[in-house]
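Visitor: Position chain V with the ligands against the provided structure of chain Z, taking the given hints into account.
Going line by line, the protein sequences match chains Z and V. The first sequence begins at 598 in our numbering and counts up one residue at a time. The second sequence begins at 331 in our numbering and counts up one residue at a time.
Possibly wrong hints are sitting among the right ones.
What the hints assert, rightly or not - Listed below are the simulated BS3-like cross-link pairs for lysine-lysine, each with C-alpha atoms no more than 27 Å apart in a straight line: (1) Z/Lys716 x V/Lys362; (2) V/Lys335 x Z/Lys914; (3) Z/Lys928 x V/Lys658; (4) V/Lys510 x V/Lys537; (5) V/Lys512 x V/Lys408; (6) V/Lys335 x Z/Lys928; (7) Z/Lys607 x V/Lys394.
Unchecked claim - Covered, in the sense of this in silico footprint (three residues per stretch, anywhere, with C-beta under 8 Å from a C-beta of chain V), are these stretches of chain Z: (8) 619-625; (9) 729-739; (10) 876-886; (11) 916-928; (12) 981-994; (13) 1046-1055.
Simulated from the structure, these hints should not be mistaken for lab results. Where a beta carbon is used, it is the ideal one built from N, C-alpha and C, also for glycine.
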Amino acid sequence: MQSQLIDAFKKIVGPDHVLTSKEELLCYSYDATPGFANLPDLVVAPANTQEVSRVMTLANSEGIPVYPRGSGTNLSGGTVPMKGGIVLLMTRLGSIVNIDAANLVATAEPGVIVADLNKAVEEYGLIYPPDPGTVATATLGGTVSENAGGLRGLKYGVSKHYVMGLEVVLADGTILNTGGKNVKDVAGYDLTKLFTGSEGTLGVITKIIVKLVPAPEARKAMMAVFSDLDNAGRAIAAIIANKIIPATLEILDNATIRTVEEYAKVGLPTAAEAVLLIEVDGIPEVVEKEAGKVFEVLNANGADEIRLAKDAAERDKIWAARRAALPALAKLRPTTFVEDATVPRSEVPAMIRAVNEAAAKYNVTIGTFGHAGDGNLHPTIVCDLRDAEEMERVYKAMDEIFATAIKLGGTLSGEHGIGIGKLKYMEDQFGAAGMQAMRAIKKALDPKCILNPGKLVGEC
Amino acid sequence: MSKDKALLADIEDAIANCMKCGNCMEVCPIYKELQNETAVARGKLALIEAVLQGRSDISAGFDKRMAMCVSCKACTAKCPCGVKADELILRGRQAAVKARGLHPVKKYVFKLLANRTLFDLALRMAGLFGPLQMKKLPGNLAVVARFPMPGLDRRRVLAPFAATPLRSRYPETITVARPKMKVAFFTGCTINYVYTDIGQAVIDVLKANDIEITLPPLQHCCGTPVHMSGDADLARLFAKHNIETFERAGADYIVAACGSCAEAFKLEYPELFRDDPVMHARAEKLAAKTFEISEFLVDVVKFRRDNLGEVPSTVTMHDPCHMARGIKVTGQPREILKAIPGVKLVEMKQPDRCCGAGGSFSLANYELSRKINDRKIADIAATDADTVATSCGSCRMHIIDGLVQNKQDRRCLHTVQLLAQAYAAGKG
Ligand SMILES: Cc1cc2nc3c(=O)[nH]c(=O)nc-3n(C[C@H](O)[C@H](O)[C@H](O)COP(=O)(O)OP(=O)(O)OC[C@H]3O[C@@H](n4cnc5c(N)ncnc54)[C@H](O)[C@@H]3O)c2cc1C
Ligand code: SF4
Ligand code: SF4
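So that you can see chain V by itself, here it is in the shape it has in the complex:
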């Protein structure tokens, strides 16, 4: 067996299940823009198949094609054969990393990521020096890069790094008068370093429901970005660190305010350790008590509705891929919105279509992810809502960028922020 083939041998059966019906063409956002068979799941799986059959190898071209995926899972949801194409493409990427090594820029960034203290320092510095690098735009909590940064498109609107990260603003434990339970808040990087306003809203809402919160200080990036780039070993290192950290936290539940972060705990960590029974069991145990915030508020807490004030706004909802098709949570955020007095929910066309962010995909392929996002912005505009609610920091950032680029005066918030506003309005 050739070396390349051996790297993919364990998914040979899974690949053979693709009947090449092409149904995934209907939903793949990348294919929609590129109209090239190499971009659709069927094509990417065919390339993996070609390696397995010895008709091709893990070339630079193979690597490039495997990277053309926002991991939105739309193909998997559509597939009549039950092929988990997004995961197989990820396996293709992992094989490419093993065969060809990581891209040098990614290697550098991941090295930084792997070291929690250095990572924290770098992102804090970004918060301190951010104003120098970024030009502020009026309103909308957005900035554009003033100096070219590696891998960053200059026209792109990003959120500024926070001057003080979320976890530095609060004590490790936030107590309430009569706690009915204790949750450990997994902030994720975006909320800790960039969208601290979301994190604050989560804390306010939990407090309003008499829940004690702990912010385990040693928590680290969930590992999804490295996982998505194909570096499974490093992803396991992150996973192990977080599992240990949250075991020590000893909370009743773990809560995250982002579909991908919740998915990491709920699905990815157990999967990463499928060959390690001990770690697998530990991961499963944590997975069972991890919830995305809206899911937690609706299904577990049954959040208070008697003290909600009015938040007058017309809201449309964008379902992040990893909420809709990852952890399958779409009803709960809507239930929250519907509970808020004054909120009028207007559904957009295809609310669960990918917004084009795709984690680091949009860093490397800004133009393409812009095109995918422009379709989302058009769907948003058609509802004429003044507010877009979503459940993920990177979706929020990409949608805000899209709103600015398309000159639209609408705001984009996390669902929990609207709920926090309602509790605040209810107080007085």
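The shape of chain Z in the complex, shown without the other chains:
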């Protein structure tokens, strides 16, 4: 990039906040997605909305690609600057603007770490429910842009259910406000939802108004072991059919169970085809009643063993098994792909079987765990990116997994987003008309295609 241009960006954000050294560029060339990296020309870290706007105005007039970035923990290549240009680092916009406990609303800047927001609202007895595995590192802006979910998704939903309003800087620098603090608001197109989950392709989010909910007073966790995967599937369906929505309903498949046991020795039966981990939360009396009901349902559907956590220590032990799933798998091989193919919950057993078949057919190692209650599975493929022959088989297995998900009426991504990682499957899910509509929206808001170009909807 020409030095006058670099100087112009330095003028906007201050010389310390434009990074150009080789080492810094290398460190902003990647995110948590294996297999994608490319050097930006510079990294720009604005401090406020006005600076973001001025950076965008300049980048737009010069036609420079801009890649917004929070903490760079996404799993779809969403922040990788594939065409060089600018990585727009949003972490300096890092304050919680206000907590309006009376209206159960908080306003925060995009660089706030999700766990810090939760810590701040805790003293009001409130929670911000979206809790991805990366709560302690991911930014609010990044999670909203990915529409991230987490363990509590079944009962509490994902980010989009909590975003009430946004301040967004468009590609040309225009500052736009969407939504607000109104619980009911039907005026106009729902731009708030449009920008939520847009992965930095439509605008740069500079402020976020989120809904908060009261923290549950009580919770109860249990674990059920199944020697037959289909029974586990039936149990999942029966819990919901009994009108109980657990906060969390997780599954570990056999490959995951064996790996977790090998690594963490938490007492999982290694022959089991599936383990379900369940937690109900809410008002103490209701929690007791629901836990009892879930117990019955598990029993009636052929659970071989059920462990009910009697106290906090036992609850911790149950969740230790779930927490160990990714670390245990990740330690098997150097490279780890955490996918998030999602299917209607009734298809969870079919999906797990299809993943196992793909693993056997292409001779790759895959452990599947995830949010069984909402059908959001994490087939986790461990391999070695440096082995070209193995990677060919890995990518073939992935193709098959995503094709199956779509065939079962599912979706490519339950929470990690599309980015570039899953771009090639988009047309399979949305068809030509769907893709065209999305590209038209992209072109309307970003005519020069400078915002995260080539991602989500591809070239335009």
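Guide: Chain V with the ligands alone, transformed into the frame defined by chain Z:
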């Protein structure tokens, strides 16, 4: 293969294990302050990876980034992939030393360090002439540098060098009436030349438990500072010297009163000689009988509790990185504190978060290590304890500096000093 790449080739597999999840961002104290990806473990490992992939080389910038680490091991403890990032970053530093040489100031200091007699002389002189160079502050056993010294921030509060080093105050062997065992005390430099009060407390406490003590006069710096700067060859020289010295001491156990010094004997020395089976076996043998003082008192000695007097104070505990995540000793110092009548233990938030000292890191990056330490001081203040107990001389020095800079009237002691006070109070 390029020259730079060859220097790192043996850690290529270890580097490939980093899945770039970024979990280390949550805990890295340096990243917390700088908010720059080059500062976090993920970034530093990515720079090593770039060299291995031929996309970059061991530049001055590479060297600078590898130095941005207090070796607190928080990233390693957090990593889902089991990547030992702190050790790999150290390997990056070693490669930088091989490719680019040591920083001239460090080269000079290490040359001095390598020569035990010269080193001893220099630090004794510092003790004799210290009062000239340092302005004494009231209370708190602290001074600030009066004249600018190379690599030293003038505002910084340091402890004065002792007029007489610890080992010169005692005979080589300190006998007791009915010895039940004999330990060799590895004092480490900080305790020998600066915090002699800690060393004295160790001796008093061991004596109170009927243990004979030997202070091998030829013992030398554990080598951690040079090791941390990336000079592995020199570190091996130190290690070999100390192994020989302590083999000759012929004690039942070796005791150190500092997490890093104990870690050197217990973990680093065997690791340094992983390619030398004979030395490795000798190092392992010593490692097996080395203990940090609180670990020794609780697990091996089962220290006397029947003659402890009252030490009225509210105490909060700071766990040094190399205690918490190095040798993993956090329960024992607490057990000691809880045994002392009159001590009320109030835990601070994140007691095992790095205090920012990081050995020589704080010399080269005082401002940054001050910021990290200010967070620790705020956590200490929130407990309202009158005493901070810890298990490391450099942590103690850095915390005292922080207490003074933040105008807080609290004292910082080694845990064993509180125990020594309790035994003294018990006598009468
Ligand atoms: C170990 C691990 C576990 C995970 N577990 C989960 C999980 O359980 N659930 C889940 O949903 N995800 C999970 N993720 C994925 C990831 O943590 C989330 O996608 C998270 O939302 C990313 O936040 P971030 O701040 O790192 O965003 P980044 O990775 O920096 O960015 C993500 C996307 O948002 C865009 N963006 C960032 N900030 C802005 C902004 N201010 N304005 C506009 N666009 C912006 C970027 O361009 C990019 O496209 C996991 C990832 C890892 C590595
Ligand atoms: S070092 Fe470990 S925690 Fe940090 S990014 Fe790599 S794998 Fe994740
Ligand atoms: S050892 Fe500590 S300072 Fe160094 S990278 Fe890891 S967390 Fe950061």
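Visitor: Tell me the numbers of any earlier hints that the structure contravenes, in ascending order.
Guide: 2, 5, 10 and 13
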